[in-house]
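Colleague: Given chain D, work out where chain R should sit, using these hints.
Chain order of the listed sequences is D and R. Heads up, this note's numbering is the position in the first sequence plus 325, with the first residue counted as 1. Heads up, this note's numbering is the position in the second sequence plus 3, with the first residue counted as 1.
If you are wondering where the hints come from, they were derived from the structure by calculation, not from laboratory data.
Derived, one-sided and incomplete: chain R residues facing chain D with beta-carbon distance under 8 Å: (1) V172; (2) L173; (3) G181; (4) Q186; (5) P273.
Cβ-Cβ distance ranges computed for the label pairs, FRET-style: (6) R/Q272 x D/A401: 31 to 39 Å; (7) D/G466 x R/A259: 31 to 39 Å; (8) R/A114 x D/T338: 21 to 29 Å; (9) D/G466 x R/A254: 36 to 44 Å; (10) R/Y119 x D/S389: 31 to 39 Å; (11) R/P194 x D/D495: 25 to 33 Å; (12) R/K270 x D/P556: 38 to 46 Å; (13) R/S170 x D/V550: 34 to 42 Å.
In this text, a Cβ means the ideal position worked out from N, Cα and C, and glycines have one as well.
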Amino acid sequence: MTRALELDGVACTFANRDVPSQPYTAVSDVTLRVAEGEFVAVVGPTGCGKSTLLNVAAGLLTPSAGSVRVFGGLLAGVNRRAGYMFQSESLMPWRTARSNVMAGLQFRGIAREAAQTQADAWLQRVGLSGFGDRYPHQLSGGMRKRISLAQTLALDPDIILMDEPFSALDVQTRQLMENEVLALWSAKRKAVLFITHDLDEAIAMSDRVVVMSAGPASRPIGEFVIDLARPRDVAEVRTAPRFVELHRAIWNVLRDEVLRGYQQQLRLDA
Amino acid sequence: MTAIWQRVRPRPGNLRWWQAGVLVAVFGSWHLLATPGLLPPLVFSDDNQAAFFFGEPLKIFGRIGRWFFVTRDIYEHLAITLLETVLAFGLGTVLGLACGLWLALSPLAAAIFDPYIKALNSMPRVILAPIFAVWFGLGVASKVALGITLVFFIVFFNVYQGVREVSPVLLDNARMLGADRRQLLRHVYLPSATSWVFSSLHTSVGLAFVGAVVGEYLGSSRGVGYLILQAEGTFDINTVMAGILVLTGFALLLDAAVGGIERHLMKWQPRAAQTERL
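Here chain D stands alone, though its shape is the one from the complex (with noise of 0.2 Å):
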């Protein structure tokens, strides 16, 4: 199987501008591969890098030290090929849902037209075919994300970089949420690389899941293939005697970094 995305020997040191002479290491020695059209996951406690890790894949930060690889070749720049669905607010409040959508296609030059007819069948796959007039704050949290995603896919990218995406949402609107990812996600077969703290979601949608140690420094500390048969429902499959087994095995190693992870802030706050 080819590779999709390759991080190899990945370390980021950031400046600290309060102690210059001790500066803060997010990850460090991280390698991490995501093959073609596998969903990995990677879940670790708060703090631990995660959102760094997936920067760097991103293209978005420069690594201090490893490299990047993006279907073999070295990633310099922004990674053209990856779409990311940030985990903040994301779309540009001044454009309509459909214009948001749109805004990607525009970018690389796709004549209005095409553009919109686009946008249009994708914020119908996402079940927002009658908002397209909408501005962000009009719509609710999860119909944003919906745009989100719809403005995402619409550049069809062969790498999906997730963060967190669904965390500011609701439990139901996250579990409806989460299947439409699968389902969109089972008809196109990309790779994804997807970041949650929340084990349930990691093991419900992924091939593999990552495990990260808590920062600083962190990287990966174990790796559980997903066994569990396709398709999924998200609220379903919680209930399957594998994935309990899979949720113990899993959370007897992220336990302690967990409980390391929050002496570490405790002792941050202090």
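Modeller: Leaving out everything else, chain R in the frame of chain D:
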């Protein structure tokens, strides 16, 4: 008595009536106190002195009426003042927007120019009016120049701040969607800065107007400021007051026009307590 008070006391429904009442009360007492012969003189020894110093509302309104309907010469002056205001506002905004974008996107340039911008901003710019009159003559140009110096900094600081506060996620998202530098400027920085320009629009239109009138007042041959200056030269307080009233009404109209444009162009911005209309 209380029953009547209950009916007329201020409430959201009759605010307009109360506002009109305040206006009537102000002009009414002005009329009573200033018109010779109505009340025995309170402060002045002579009955005519109050009228001389403060003008008489009826004569003032008569003056305004003559300007608009009899001699019809106010339109020419208003048109000049409006032209100066619009030019100062337009040019000042464009310059402020361009400089704000440039300095916000180029930190090195911003660091170099920072003390000079602060210095220029803290300078009392009205003092430049005579210099502009020397440079650009007594026509429209010198008033526009003064207005620009007033408008520029308002817009500049708003844009500068606005661009630097563009959400980094929004920028990253646009970059991931394939925007190059030019597209980022056109589709992210500029719309974002525009919203800051609009938030300062009421102030900058007001200042453009101030620039025009002050410029006229300090030396010109046309404009409402010129009318006021002429009247002052002959101690014609009524005409001075009439000019001030016309300017005030005009400023209110400008402000309303700006509000209308703002509502039209900024419809993407959430308003407080706006409900969903499904």
